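Novice: Each chain, letter by letter, is given below.
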Amino acid sequence: MTPLLTVRGLTIRFGGVTALNQVDFAVQPGSITALIGPNGAGKTTVFNCVTGFYRADGGTIRLHAGQQDEEGLNLLTLLGEPVRWRDCWQPQRLAERLYYQMFGGPHLVNRAGVARTFQNIRLFNELTVMENLLVAQHTQVDAALLSGLLRSRRFLAKEEAALQRATEWLRFFALHGEANRLAGELPYGHQRRLEMARALCTNPRLLCLDEPAAGLNPNETRLLSQLILTLRDQFQVTILLIEHDMGMVMEISDHLVVLDHGEVIARGTPEEIQQNPRVLAAYLGTGAG
Amino acid sequence: MWARWWMACRVGAIALLLLAPMVGAVLSGYQIETHWQRPLWLALAVTVGTFFCSWLLQHIGWFDRFGGRAASSTPAVTIGQSGPRPLWILLAMALAIALPFVVGKYGMSVAILALIYILLGLGLNIVVGLAGLLDLGFVAFYAVGAYTYALGYHYWQLSFWLALPLGALLAGLFGMVLGFPVLRLHGDYLAIVTLGFGEIIRLVLNNWVAVTGGPNGVSVVFPTLFGLEFNRRAKQGGTPIHEFFGISYSSDHRAIFLYFLLLAVVGLLIIMVIRLKRMPIGRAWEALRENEVACRSLGIHHVTVKLSAFGLGAMVGGIGGVFFAALQGFVNPSSFTFFESAYILAIVVLGGMGSTTGVIAAAMVLTVLPELLRDFSDYRVLSVGIAMVLMMVWRPRGLRQRRRPFFALPTAAEENRAAALVPGVDGR
Amino acid sequence: MQRTRYFLRLFAAGLLMCLAGEPLMAGEPIKIGMAGPFSGSDASFGEQLWRGAEQAAADLNAAGGVLGRPLQLVKADDACDPKQASAVASRLVDREKVVAVIGHFCSSSTIPASTIYADAGVLMMTPGSTNPVVTERKLPTIFRMCGRDDQQGVVGAEFVVQRLKAERIAVLHDKTTYGQGLADAMKARLHALGKKEVIYEGLTRGEKDFNALVTKLKSLQSDAVYFGGYHSEAGPLVRQMREQGMKAALISGDGIFSEVLVTSAGGPAYVEGVFMTFGADPRNLPAGRGLVEIFRKNGYEPEGYTLYSYATLQAIVAAMQATQSLDGEKLAQWLHENAVETVMGKKAWDGKGDLRVSDYVMYRWDDKGKYKELD
Amino acid sequence: MDIYIFGQQLVNGLVLGSTYGLIAVGYTMVYGIIGMINFAHGEIYMISAYLTAIFLALLAGFGLHSVPVVLLLVLLCTLFLTALYGWSVERIAYRPLRHSNRLAPLISAIGISLILQNYIRISQGARNQGVPPVLEGVWRIPAQAVEQQFVQITYQQSLIVITALASMALLTWVIHHTALGRACRATQQDRVMANLLGVDTDRIISVVFVMGAAMAAVAGMLVTLNYGSFDFYIGFLMGIKAFTAAVLGGIGSLPGAMLGGVVLGLAESFFAGFVNSDYKDVFAFSLLILFLIFRPSGFLGVPEVEKV
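Those protein sequences? They're chains A, B, C and D, same order as listed. Residue numbering for the first sequence follows the numbering used here, beginning at 1 and increasing consecutively. Residue numbering for the second sequence follows the numbering used here, beginning at 290 and increasing consecutively. Residue numbering for the third sequence follows the numbering used here, beginning at 718 and increasing consecutively. Residue numbering for the fourth sequence follows the numbering used here, beginning at 1093 and increasing consecutively.
It should be emphasised that the hints constitute simulated quantities derived from the structure, not laboratory data. Don't take every hint at face value.
To be verified - Chain D is faced by these chain C residues, among others (derived, beta-carbon under 10 Å):
1) Ser761
2) Glu764
3) Leu889
4) Phe927
5) Lys935
6) Gly952
7) Arg956
8) Gln957
9) Ala982
10) Gly983
11) Ala1035
12) Gln1038
13) Thr1040
14) His1053
15) Ala1056
Please read all numbers here as calculations on a predicted model, not as lab measurements. Glycine residues also receive a C-beta, built at the ideal position from the N, C-alpha and C atoms.
Based on the sequences and whatever the hints tell you, model everything.
Specialist: Right, here's the structure in full:
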């Protein structure tokens, strides 16, 4: 089966430090893949590359969603690669690069089907919960200025549909009682769930969750595991997550990728990883290796 | 009691120190004239006043803020179905329509000015209040609008009715062209760039004498209504309106005409802004203000969304400019200084950044107040300054709270009907 | 104690406001508007205008008022801002119901305001707006008590060419309606006289450092500098010229006609050899001598436009007394046809509202910080 | 190009830039510590100009004529009172707004600058004021020049440049090597944390305003002595220029403020001197905009890293 996401040779440097070095992994469609590793291993950096917030220095990130050719869509082109001299001989390519230089960015990655949440929650605090979800559907509603101002039929229908969709997700995450509260006023656990709901409102193929269980109590964590599993099973959303709660990771993941110092040191099923000596060494220090 | 006196005395002593050289010694050439009793009296007044004010006001909450305590206890945002009650809106409309028949010519000119400021305030509110882009050069677009009409008339006999859309368009274009490179900048840098841009526009208008007339400005004709003129005698080749209707000439006609025209434009704009807030683009602006990174992760292109806010705000500014030119009958660069930008910004901030009614109220306060204070002539601007500081301290979040729209959730039945819209949802 | 510091300013302001009340008069006063910049960057001229008009009103009231009624001045501040000028003009016409207006001062304010007065048929006479546009529009009730920039510039240009025999003439202005208008008029006359300026540039009003410009003038070896602008810039300009060792003469217009020029230049040593055009100094006219004494006794030097606004009120009142009317159009018609004896001598107006006789003469500053008419 | 003219423009730009730099320090420090543009800072500078003139006249009235003594006394009095004004402004208009949104202090700053301008206008009159020349004299290179072939700097101008450099060095030393400076830097980094660690941040912010006002006082005094002329409106234009300088140098950086000031001064001088003085300010602002687009953090500012 073609993987949904293939990362090949991903490399990024900050100043002189190589944060990621030749990272390779793949995410199978319909799976839950977890990125784990000690603090500072580069997990969030991988996320930021995959979702387009950082521009990788090398490698490819291909997404096989929708009707693209076999190669898939290289997400890095969407961010606007630097224009090179040799592009001058390929006007189409030059135009494409220039276009993405000016208008490219993480938003195109999202539109291609990758949504994410953030480690430190980033909600629209002074907007209501419902508005948070409506904003996420910006590309699906009728955003044209005139039809909105004139309240055209099409506009109203699309708004209604967006409201429905948002309500669905609110119910799914048991937040429907708080639709008209300010997002910033919600308790922490609810904010985490709201952020997931918001990401899902963009209809992603791949959902990237950055430490979704951080700061949750055991009860909430259990509920979250259930929700994630339901998402995969019922909604066919593929999930890539970073998590420190090993219990949860081992319980729900189909596939694990272990990072240390910017390199992949192991990949496999939870059982394989639990027995991998390099992983143990990375987590417990070199003495154990 | 004694502690309070002691405190008042210390305040008085500082006041004396501050006032003594400035009020007590007045420069006259290279010498000074001394009036030592003045600072003494003032300091005494400050001392006594401090004492009584602190005694009187100690129970009023906002006064505590001078102690430096947090001022964020009241919630900044309310969630509700709509803004003011329909009754109030009707009343306000009736008042606005009746106004020209109640107040005189002077009242009309103040009212027109207030309307122009409401227009500008609403325009800047889109940029600052909704999209959260601090724009200190809004006056540039105002100037573009005013000069579009003035120069358009001067060179090509452009009529007001053509200048109105053209000015808006041109100002919007300017906004876009400026916005595109700079909207990637973060908050305060954007403020500075816009400040610089506002100054550049004014300086160019002032220096490019061959085209703009420089400081001499350009004369503008008053708009006509379907070819009917508002002059005593026809000047632009039309018929004076009073002859057409067979009434006697009154210079009030033109003020009333402009007033109602502006009222209509402002009314349309208010409806537009209210709708914008419940539209995808308006929501995207506010989301961008709240968190840019999150917006980008949700498929919203921050630059184009900002650009739309910037351009739309600029267009409104341009319309304001065209009206200003029509009102003045003459434009020159001295009307478009940085101070004007600051004043419009003050309207937006005072209005509560994003609240439409707040901006309208603030625009009225800040245009009518200086006029009311004309009786104090010398102390007028001083009082406006004091009022600005006091109002900010009293209501740092503006006159009105921001209001968020309320969404009624669809019932389960409706939901089932619409369930097909969400792929794979079985309506749990 | 922190909280109360706030009230320091409040109280200071409140107290000052109480002191600001104007004396009210008995009877039904005739209201005359006095419009000018009483705040903002040009407030110093507003002060001159107000002093003159205030004194004139006081004197006329002491003499029994007009038509048996006292005069009352209504102060209207436009801050030299065209927008505020229109607003105060409407206010004077509509709210205060003034019969006539003295003002405005800045040409950019006078031009929009005058249309409102003309529309309402209110007599307006500006003591200081010299821009030609003010009267060129031939509004019936608009007059001025001063000359025009084009007349003034002519005198300046002829002086530079014929008296100073300057060869390399620099023309500067301060980019205001007044300053640039004056410089343009001077330049036009210069060209007519067959001379060409070596440089024509503007400086920024409100700045104090013109060293770069002065160095440039020096490199151009200009031997005469004509400046259209006000004393607040002319002072530092001439000082920096002298400091950099430039000996070229500085010639300017009525905008620098003020003792404050000495203060702003940093001492009498710097203003020596500065020339300026102005109407024949009203303070030297026999008609005004007594009045000048009164001003000086009250501790005020009636410089610049002080006597101009005094004379303006005199002219307005003379028209009222002659026509026994308060109707603006009648007053205007009378003023177009008759001459008035004022503190500045006999004045008469042509059909446009300009003075019939422009009496611009050249003054020269000496090293004691005084100026004298050149003969 | 004439080398002397070039040299003279260099001197002009340097002197002008030093005054910009001195005032820019006030902007940059306040911005650095509370992230607020203090639009009333220009008026503080204006106040110091008036105080300078008043104290000069007072001392002259007491019959004091020794130049160094007079200068020192005037400097001390002006410094003290201007700092007191800066402190009061912070206390009245900014401290109550410490915890509100970002724009509220901006508006109250505009209000304060209206208040200060009109307070001076009412108390001192609207007319132009001045001070008599105190320190007269000039250095010329070459000393025995003929026919305008020289570069010169007056004593007062050199005083400006030297004082600007010296006070900047002093301030930098205070910020980097004293306990007070450490507290300032801590407050700048993280106000809440500094407060938790026992730094009285309110006091530190007051101190920053006082230091900014003191620098403005130094600038006000030197500029007043040099140009000899001022009015109640000078704060506005100077404020905008100095603010531009602060941004150009990298807002938040002390040496950056000085550098930005000098660059702005030089740019203005050279543009006015060799191109056109009409468009001098257009040039300055265009420079600012271009700079901000391509290097938003200015010369010496730390670039902002976008953290996700």
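Novice: Go through the numbered hints given earlier and state which of them the structure violates, listing their numbers in rising order.
Specialist: Violated hints: 11, 12, 13, 14, 15; rest satisfied.
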